[in-house]
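First to last, the protein sequences are chains A, B, C and D. Residue numbering for the first sequence follows our numbering, beginning at 4 and increasing consecutively. Residue numbering for the second sequence follows our numbering, beginning at 4 and increasing consecutively. Residue numbering for the third sequence follows our numbering, beginning at 4 and increasing consecutively. Residue numbering for the fourth sequence follows our numbering, beginning at 4 and increasing consecutively.
Source of the hints: derived by calculation from the structure; they are not laboratory data. This structure is a prediction, so every number in the text was calculated from the model and none was measured. All C-beta atoms in this analysis are idealised placements derived from N, C-alpha and C, irrespective of residue type, glycine included. Among the hints, a few may not be true.
Stated by the list, open to error - Here are the computed lysine to any residue pairs in the SDA-like style, where the Cα-Cα straight-line distance is at most 20 Å:
hint, chain 1, residue 1, chain 2, residue 2
1, B, Lys245, D, Glu6
2, A, Lys141, A, Arg175
3, B, Lys245, D, Lys10
To be verified - Using C-beta positions, here's what the derived DEER-type ranges look like:
hint, chain 1, residue 1, chain 2, residue 2, range
4, D, Ser178, B, Glu48, 24 to 32 Å
5, D, Pro52, A, Asp250, 28 to 36 Å
6, D, Glu137, B, Ser127, 39 to 47 Å
7, C, Gly192, D, Pro52, 44 to 52 Å
Protein chains: 4
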Amino acid sequence: MSELHWKTSITEVHPNKIYIRGYPVDELMGKVSFAQAIYLVLKGEMPSPEVGKLIDAIFVSSIDHGAGPPSALASRTVASTGAELNSAVAAGVLAISKYHGGAIEEAMRLFIRIDERIDESEASKEEIVREILENMRKLKKRASGFGHRIHTKDPRTKKLFKLAEELGLSGRYVSIALAVEKALEEQLGKSLPINVDGAIAALLCDLGISPEIGNAFFIIARVPGLVAHIHEEKTRMKPMRKIHPEDFEYDGVRRKE
Amino acid sequence: MSELHWKTSITEVHPNKIYIRGYPVDELMGKVSFAQAIYLVLKGEMPSPEVGKLIDAIFVSSIDHGAGPPSALASRTVASTGAELNSAVAAGVLAISKYHGGAIEEAMRLFIRIDERIDESEASKEEIVREILENMRKLKKRASGFGHRIHTKDPRTKKLFKLAEELGLSGRYVSIALAVEKALEEQLGKSLPINVDGAIAALLCDLGISPEIGNAFFIIARVPGLVAHIHEEKTRMKPMRKIHPEDFEYDGVRRKE
Amino acid sequence: MSELHWKTSITEVHPNKIYIRGYPVDELMGKVSFAQAIYLVLKGEMPSPEVGKLIDAIFVSSIDHGAGPPSALASRTVASTGAELNSAVAAGVLAISKYHGGAIEEAMRLFIRIDERIDESEASKEEIVREILENMRKLKKRASGFGHRIHTKDPRTKKLFKLAEELGLSGRYVSIALAVEKALEEQLGKSLPINVDGAIAALLCDLGISPEIGNAFFIIARVPGLVAHIHEEKTRMKPMRKIHPEDFEYDGVRRKE
Amino acid sequence: MSELHWKTSITEVHPNKIYIRGYPVDELMGKVSFAQAIYLVLKGEMPSPEVGKLIDAIFVSSIDHGAGPPSALASRTVASTGAELNSAVAAGVLAISKYHGGAIEEAMRLFIRIDERIDESEASKEEIVREILENMRKLKKRASGFGHRIHTKDPRTKKLFKLAEELGLSGRYVSIALAVEKALEEQLGKSLPINVDGAIAALLCDLGISPEIGNAFFIIARVPGLVAHIHEEKTRMKPMRKIHPEDFEYDGVRRKE
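Please model the entire structure based on the sequences and the hints provided.
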């Protein structure tokens with residue numbers, strides 16, 4: 004044991020034995036879903052099947068959003084230079100930052116601050132939300148997790164809230180998020196609906212996830228999408244092509260609805 | 004439409020509508036697992052529930068392997084400098100390369116080459132495997148996906164093959180992998196068992212996944228583990244500490260077995 | 004010209020003509036040093052030969068600091084997995100963050116704040132420095148650019164200030180940095196000397212460089228050092244070795260002094 | 004001394020003493036240029052002033068090539084998401100790969116192979132070059148370092164060769180590169196002139212640099228250019244803008260020639 008000896012509480016590895024947060028990995032395999040295992044490795048507790056289902060839905064909601072987001076463009080740009088798959092994934096992950104994917108953590112911090120103020124104040128939730136938004140407006144800070152450049156009624160948001168409701172996992176943070184949405188509409192005189200990042204933020208708060216790893220849920224969800232873009236770039240496109248950030252068209256399968 | 008107009012077949016995005024490989028994302032949410040959605044976005048086809056279960060098990064098997072692998076150490080090293088979560092994840096992904104995680108793609112290529120030779124030759128599978136391994140030995144090339152520095156009977160390999168069998172998904176590539184394991188033992192005079200990368204390689208071949216994205220399955224599986232290490236490094240350790248690559252100890256939960 | 008048309012003022016490229024900040028690149032070659040060209044491309048102005056010499060010294064001062072810093076360890080860890088050179092460089096760059104290399108930008112911001120306060124206040128430089136440090140102490144914020152884990156009299160700091168003096172480039176920010184050093188010693192009752200980051204910060208302020216690119220001077224300086232570590236790792240060490248962060252020894256050339 | 008004890012021959016660090024390849028860093032500062040120090044740290048030997056001048060010119064030649072190359076676009080894409088400077092630099096470095104910047108290493112390997120064949124054969128240089136190119140043509144392999152998408156007479160190539168000539172540093176690899184250029188014109192019936200990567204490759208071979216770090220010269224040269232693009236993106240452009248890869252215009256300083 005050297006002076007640099009240190010401790011970790013995630014995974015224990017011995018010859019022929021691997022324990023993830025105390026569970027033998029081979030007993031987890033076939034029994035829990037990848038989504039449940041992600042929750043376990045991040046939070047240290049086994050989620051119920053209901054929580055697992057909600058986590059699955061959160062990841063599915065953000066798995067891809069086409070070729071337009073900067074993460075897909077960064078991954079494709081690097082892939083088109085002949086780089087290895089992992090380099091192109093890394094470049095995409097580097098683009099998941101403040102203005103792209105970063106909304107989850109910031110929205111979580113907003114909802115938590117509101118919740119703390121509700122606990123310590125005598126004012127109503129609506130009053131507190133109005134006051135906090137008013138202060139943000141004065142500081143010219145936008146509320147993260149509201150509004151979307153493309154979607155006015157994001158189908159993912161609606162579905163996430165519906166699922167959380169059905170699974171009994173919609174809690175006080177969802178109701179705070181809805182109060183913020185309402186107050187923003189009053190303040191701005193126009194609708195700025197909760198977007199998918201805001202919805203995920205509210206649900207992760209209700210699940211007790213720390214905001215510091217909020218963005219990880221977006222990163223984990225999107226890596227498979229990035230891989231799909233990289234693979235398409237490498238197998239379908241010419242190397243070093245000029246990648247237009249908007250002028251592309253979907254020509255894949257369309258299914259009857 | 005500019006001269007740079009291009010086409011993509013992964014995801015179609017319209018205001019308030021998002022289709023992943025032709026499926027409305029909000030219909031996928033709550034119905035398919037994250038693992039199934041990953042298979043869908045990468046392969047373009049909806050997997051059966053059985054395939055989904057096997058993919059879930061593959062991802063769970065590789066979600067983490069403690070603090071020792073270079074990807075965990077690279078992520079922790081970057082995290083300890085105060086970097087953002089996504090930077091630390093990117094550094095870990097960059098370490099998933101030729102000698103770490105990279106075995107999946109190489110093992111897939113070996114199994115596919117063997118399978119092609121079986122189709123075009125009159126010799127038996129055993130003879131072909133022996134011949135190919137003999138040639139590799141002369142070229143001083145090792146067979147990827149066999150042997151492990153820590154595990155002699157990797158619990159993950161056994162469980163993956165058992166699950167594939169139960170789900171009816173164990174095919175000719177698994178039998179090729181087993182033939183290689185047997186031939187290696189004869190050639191080397193000692194056991195060099197299939198490791199988890201080799202097992203995943205065989206199963207992905209049987210599922211019809213292209214080898215170019217074989218390593219993606221390791222990257223996707225491991226990103227959540229990297230996030231757990233980064234989060235622990237940032238919340239439990241001092242910034243800029245010297246991170247010993249071996250002298251650490253598990254002090255997390257132990258569960259009765 | 005599309006709707007996305009945009010403008011850039013760095014480099015103009017035409018067939019057989021390349022202008023860097025308005026200068027034909029082939030006229031710069033052989034006439035200006037790399038260090039001068041770096042200043043030109045970053046600041047948009049041609050530096051005098053004196054400024055060029057100081058920039059050269061700044062870059063030389065930070066070109067390498069052995070195998071211990073996290074950037075060298077991150078680069079080596081990734082290189083040891085068989086990754087490409089550029090991936091290993093990228094991992095090292097990702098480790099040049101808040102607590103490693105990041106001190107330059109923060110120290111620049113501190114010196115600029117002090118300078119602004121001197122301009123708008125009637126108090127002496129010494130009083131203002133004391134007041135600002137006192138406020139930082141209350142907020143438990145450390146002054147970046149002072150103190151070093153290994154060096155008590157960093158030879159690089161002394162030489163940088165001496166060269167700046169000789170070249171006539173030592174200005175009011177260097178004197179502010181010295182005032183901070185003095186005030187820190189009074190405040191803490193022990194010496195916390197300007198380190199190389201603090202010295203570079205003061206000199207870059209005197210050269211009129213913006214703090215937003217302060218850390219770039221460290222990144223640019225250190226990339227060659229990272230390449231040397233990556234090359235040594237790939238050619239001298241075994242792949243996938245466990246890289247001890249402290250227990251290494253120099254066995255290269257020693258020159259008579 | 005632990006079992007993991009290891010050795011390095013790059014930099015020796017003691018309290019208040021830093022030796023780069025055996026030279027005290029503070030004695031190098033003010034005496035050698037950054038370019039000379041880069042050569043020293045990479046090669047382990049102090050270059051002559053002439054070699055230093057040529058290395059300076061090599062780095063200046065490749066410091067930037069406008070906003071069009073994938074490295075600049077990757078860096079800008081990541082910067083536009085609000086990422087830190089070092090993340091955006093890392094993304095640009097990841098794009099310096101096989102088809103972008105990667106030509107240097109490949110061209111060096113070609114020139115070295117030709118040179119080895121000249122040594123061991125009785126045929127003339129011209130015959131050997133013709134034979135090797137003919138074999139490459141049959142294998143559908145292009146010669147790296149020849150031809151450019153934009154420049155037919157790259158001003159950088161001409162200047163590099165002229166400087167090397169004047170400095171007495173043009174050797175047998177430059178003459179091999181010229182022989183390849185001539186043979187390519189005969190083989191293809193049209194001119195495919197040496198590009199800047201090919202010229203740098205020939206000069207690095209004549210300087211005795213190993214091909215494994217050939218691309219490092221491009222990475223080191225271009226990082227300052229990437230920083231300039233990132234800084235412009237962050238200070239002049241709106242976050243999350245759609246970055247057109249071609250439709251941009253230079254609006255910076257123009258100087259009288």
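Notebook entry, point to check: Holds or violated: lysine 245(B) with lysine 10(D), Cα cutoff 20 Å?
Noted result: 17 Å, holds
Margin query: Run the distance test for lysine 141(A) versus arginine 175(A): straight-line Cα separation, threshold 20 Å.
Written below: Cα-Cα ~27 Å, so violated.
Margin query: Quick check on a hinted range of 39 to 47 Å for glutamate 137(D) and serine 127(B), using CB atoms only.
Written below: 42 Å, holds
Checklist line | 44 to 52 Å as the expected CB spacing between proline 52(D) and glycine 192(C), which holds or is violated | finding: 48 Å, holds
Margin query: Need the status of pair lysine 245(B), glutamate 6(D): alpha-carbon distance at most 20 Å?
Written below: 17 Å, holds
Checklist line | Hint check for aspartate 250(A) and proline 52(D) - Cβ pair distance inside 28 to 36 Å | finding: Once the Cβ atoms are compared, 52 Å apart, the range 28 to 36 Å for aspartate 250(A) and proline 52(D) is violated.
Note to self: Quick check: does the Cβ-Cβ distance between serine 178(D) and glutamate 48(B) fall within 24 to 32 Å?
What the structure shows: 57 Å, violated
The structure shown violates the earlier hints numbered 2, 4, 5.
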